[in-house]
Every structure is written in structure tokens, then in C-alpha cells.
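Chains as they are written, first to last, in full-length UniProt numbering: chain A, 1 to 207; chain B, 1 to 207; chain C, 1 to 207.
In case anyone wonders, no lab produced these hints; they're calculated from the structure.
In this list, chains with the same sequence are indistinguishable; a pair is considered to hold if it fits within one copy or across any two.
Distance condition first, Cα-Cα at most 25 Å in a straight line; then the derived SDA-like pairs of lysine to any residue:
| no. | residue 1 | residue 2 |
| --- | --- | --- |
| 1 | Lys27 | Val145 |
| 2 | Lys27 | Gly157 |
| 3 | Lys201 | Val101 |
| 4 | Lys92 | Pro207 |
| 5 | Lys2 | Val59 |
| 6 | Lys27 | Gly203 |
| 7 | Lys27 | Arg155 |
| 8 | Lys2 | Ala178 |
| 9 | Lys92 | Val200 |
| 10 | Lys201 | Met89 |
| 11 | Lys92 | Leu152 |
| 12 | Lys27 | Ile150 |
| 13 | Lys2 | Met69 |
| 14 | Lys27 | Leu152 |
| 15 | Lys27 | Pro207 |
| 16 | Lys27 | Arg82 |
| 17 | Lys2 | Ala180 |
| 18 | Lys27 | Thr162 |
| 19 | Lys27 | Thr158 |
| 20 | Lys201 | Leu11 |
| 21 | Lys27 | Trp204 |
| 22 | Lys27 | Leu206 |
| 23 | Lys27 | Asn148 |
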Amino acid sequence: MKEIFLLVEVLGVLAFAWSGYIEARRKEMDPVGAFTIAFITAFGGGTIRDVLLEQRPLVWVQHQAYPLMIFALAIVAYGLERHWRDSPMLQKMRSERAIVVPDALGMALFNAGGVALAWQLGNPPFVAIMMGVITSIFGGVLRDVFCNEIPLVFRRGTLYATCAFLGGGIYVVLMWCAVAASTALLACMVVTASFRLLAVKYGWRLP
Amino acid sequence: MKEIFLLVEVLGVLAFAWSGYIEARRKEMDPVGAFTIAFITAFGGGTIRDVLLEQRPLVWVQHQAYPLMIFALAIVAYGLERHWRDSPMLQKMRSERAIVVPDALGMALFNAGGVALAWQLGNPPFVAIMMGVITSIFGGVLRDVFCNEIPLVFRRGTLYATCAFLGGGIYVVLMWCAVAASTALLACMVVTASFRLLAVKYGWRLP
Amino acid sequence: MKEIFLLVEVLGVLAFAWSGYIEARRKEMDPVGAFTIAFITAFGGGTIRDVLLEQRPLVWVQHQAYPLMIFALAIVAYGLERHWRDSPMLQKMRSERAIVVPDALGMALFNAGGVALAWQLGNPPFVAIMMGVITSIFGGVLRDVFCNEIPLVFRRGTLYATCAFLGGGIYVVLMWCAVAASTALLACMVVTASFRLLAVKYGWRLP
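Chain A with its partners taken away, still in its complex shape (with noise of 0.2 Å):
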């Protein structure tokens, strides 16, 4: 169970640091720009809320792998872009299907998190639910803030920080009922990654 859990932290922030990397690119960043953005992107919305709730260290100061494994990304992507430039793998991996999946299940993991982080705290249940979502929007939010650009999930059609909510929502509520922490984790998790996984295919958005 447990290396379940680091294969989808793992497989989530790659995700999150690969859109910081294509956005970053798009507005012609060298690569010091580019691993800035994906780091920020991948570790922002984590760092906000440790920031906010006290927590140290922060995740990416304790394990150095994670900097250094978005390091290796920056680079190398850096490096092939400028050799295979045309590549079809590049192009369909610079499209934003390609990471929906990974970043649907990085942001699941993340909204559970923090949700489950702030609760454990004793904050009032409004506010873990926030600091679920702060955990998993505030990188993309930051990665448009730095990249210059109104953030895409205050913009985006297909519902984002809605199914971070719901998720929240769906944990704080099996807590009230007593369930246990792990279910209610697990339960956050999948009701957030799967009904953002269905607004994306049923373009889902808010009226």
C-alpha cells in the first residue's frame, strides 16, 4: 500500500512539474526558467500550506530526490526539445491529454493530503477542505502567476478545484461518521481523481 501511495506522489509530481515545464517553454524560458516553474509547480501549493499550517521541514527540503528528479527533467527535456524538436513523442507529450491521468491522480493524492494534514491539526472543517485544495491548485495557480498569465484554473471550463472540493467535502464528511482515517483518505482520493477524470471526458464545467 504504501509504495502505491509513492508511485502516485511520484507519478503527481512529475505531472504537475512537466506542465510547469511546458509552460515555461511556451514563453521561450531558458532552463534555469523552466526547472524554476516545474519545481514551483510540482511543490507550491504543498509549500503555501505548510507555510500556512507550520509544518516543517517542507517534503522537497527533507528529500532532496524530489529537486533533483525535477532537475533531471528540466534537463533532459531541455536537451532533447533542442535535438528532436519535431519529434511526434515530444509534440504529443507537449499536448495536454498526455499528463490528464497523472495529474488527476497527483492532484487526488494532494487534495488528500492536505485535507487530512489540516484536520489532523484540529482545524475547523471549512478549513481543511481549503487547505486540501490550496495543496493541490496553488502550483498551477503560481506557474500562470510567474509565467504571466490569469491562473488557468480560475479560467478552465472542465471543473478542477470543484472536484478538489467535493473531495474535501467527501473526507471531512466520512470523519464526522467516525470511519476510519485511512478509508476516509482513500475515499477523498478516489471520489476527486475520478470526477475530475469524468469533467474532463464529459467536459464538465461550472454555469
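Position chains B and C relative to chain A; hints supplied.
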């Protein structure tokens, strides 16, 4: 007395949140974006101050009534807007003049709260004044940054940050003169709010 | 020795603040905006580092001489600008070349300070290097974000963050070799500053 402070705080939070909501909707954000921007506008300044001074818990983390209030504001306003987009009352509330008075009151209260907190924690006078200004203007600054605009408070003609600065100066001078803390707090609020209202009325601006 | 460090620190703070002031004025901000952007450019990077590493008090909170210095800089520069807008000296100071040397020195000092602090707190080497880079570049990054621009350091040809990165690498390697901490600190500064100056002189840039 305490009830009056609470009333001013609620009014101020609503005025700040409303200015965030309007700006977000001007950028055609969806309800998630509108709520987030409204929330950041209302609590961004105080949150930055508390992070800088390491004060916890944050006001909105301790009292979930505030985020819930802003959530309700965003939902209700969004609903009204969809059904009565052209109603004269909404048009009027969208104009900047509608929130000048509650905004000035809220700003004065946030400023006084910031400078008093920093002073009581033993910070140097200029830093205390800066903390008041940060509390009162950085919500709006973050609102504009997230909406991809140059912060209004750094551009706008009529004095805003300067009023907070002067009010904070009054507080510091009075505390030096060993006036009672509650008197200094009140003087700071009165000076800040009336200076702001006069600046709007007579169009005062920096050279 | 200590006096030299202090002198470099003051020079660096002034160079960073000046670059913020120029950018803010280019965007036609008023004196409040110009002071705020100058201040954020000078102390933004160090403040983010201290928030991430939970170090308090912040340098500028403990020593109000720094914010007062930047306040004086903004007021004086604004006054001069209004009366001698076309003076050749101001024109010259507005050009980027005027601050290359103090900026490089300040950047090297901030970088060394950041990496040494993070190292002494027991952070992993790659994280320590990142903290140095954050200290030296995030002031400028925030300046550009608040001025509604894509951060220059992520776009600009001549190497900047890369110099900080290399300097930090030298520090870590020397500390691993059990060299005295002061020697490693000095080596980090010298490498960072000279690499930066050479990059400007010969127009080095990433591929």
C-alpha cells in the same frame, strides 16, 4: 465597543472581498476563481503579516466563519449576476464608489491592527508602520497580481497606502508619548479612515 | 573583514533596490509603488528563504535601518527625477550597466549567505544550493511579477542564476572536503561574482 470593532471588521472584510469579486468577474473568472480572489483580497494582507511575524493561528484558520462568509458572498453574487445581470443595483454595486466607505473603514482597522500587533511584539517603529501598511494594502496587491494587473495601489492617483502610513505614524508617536494603547489604536483608525475619505473626496494624490 | 562584508551588503541592497526602483518607475508607479518594489527587490529573496527555513527575526525586521535606507533612496530619487529628469547622470544611472558591479557583489553575498545558512541548519546539499539561488534571484523575480512582467532572470541571455548555482556548488564541495567554513564562504562569493561579471563581459548565455 468590542461589538463596534467586530462590525467594522466584518464590513471591511466584505468590502475587500467584494472588490476582489468584482475584479475577478471583470476578468471573466468562474465562481472558483471569484471566491479565491475575493478571499485573497480580504485576508492576503493579514496572512502575509502573520507569516512575516510568525503569528499563528491565522484569523481565517481559527474562525472558519470568515471564509464561509466570503464563500456565500461569491455564490450569491454569482447567482444574482446570472439572473439579473442588468439590474441597476448590481451595476451600482460594481462601481468603485459603492465600497469607498466600508473599504476605508476596513483598511483603517486592518492598518491599526497590523501596526499595534507589530509594536506589541517589540518591532522597531518603522517596521511596525510597514506591517500596518502591508496588512491594509497587500490583499489588494495580491488581487491585482493574480488578475495579471499592475497593483492599483502603486498606480492610483488618490492616496491610499499613504493614509495607512500616516495613521501608523500617529500610532507610533502616541505610543512614544505613553498614551494609552487603546487611544493610540483609535487615533490611528480615525486618522487613516478620514484621511482616506478626504483623499477620495478632494482627489488628493502624490506629486 | 566584518566591515567589508557590511559594506558589500549595503552596496548589494542598494543595487537591488535601485533596480527595483528603475523598473517601478518604468511602469510609471508613484513613490509608494517605487519604494515597495525597491524594497521587495532587495529583501524578497532573503525573506522567502527565511520563511521556508523558519528563521526569525528577518534581517529588515531586526534592522529598520535597511527599510529606512530604501525609503530615503526612493524619496530622493523621486525628487531628483522630477527636477532633473533629463540630467545625464540620472540617465546613466538608469542604464543597466551602471549597477552591474554592485549587483554582482550583492548577488554573490546573498547567495553565499543563503547556502551557508541552509547548510548550517543541516539541509541536504542540493537544497542548500537552491536556498542560495532563491536568496539571490527571488527579489528580482518578485519585482518582475509585481510589475506584471515575465521574470527577467528566466529569460535573459547572460548567465545569472547559473552563477549563483555554481558558487553554491563550490561551497558544498569545499565543505565536504572539510575546508574551513569562512574559506568556503569566501570562495563561493568570489566564484559567483567573478563568474557573473565574466558572463556580462563576454555575453555568456545558456544554449
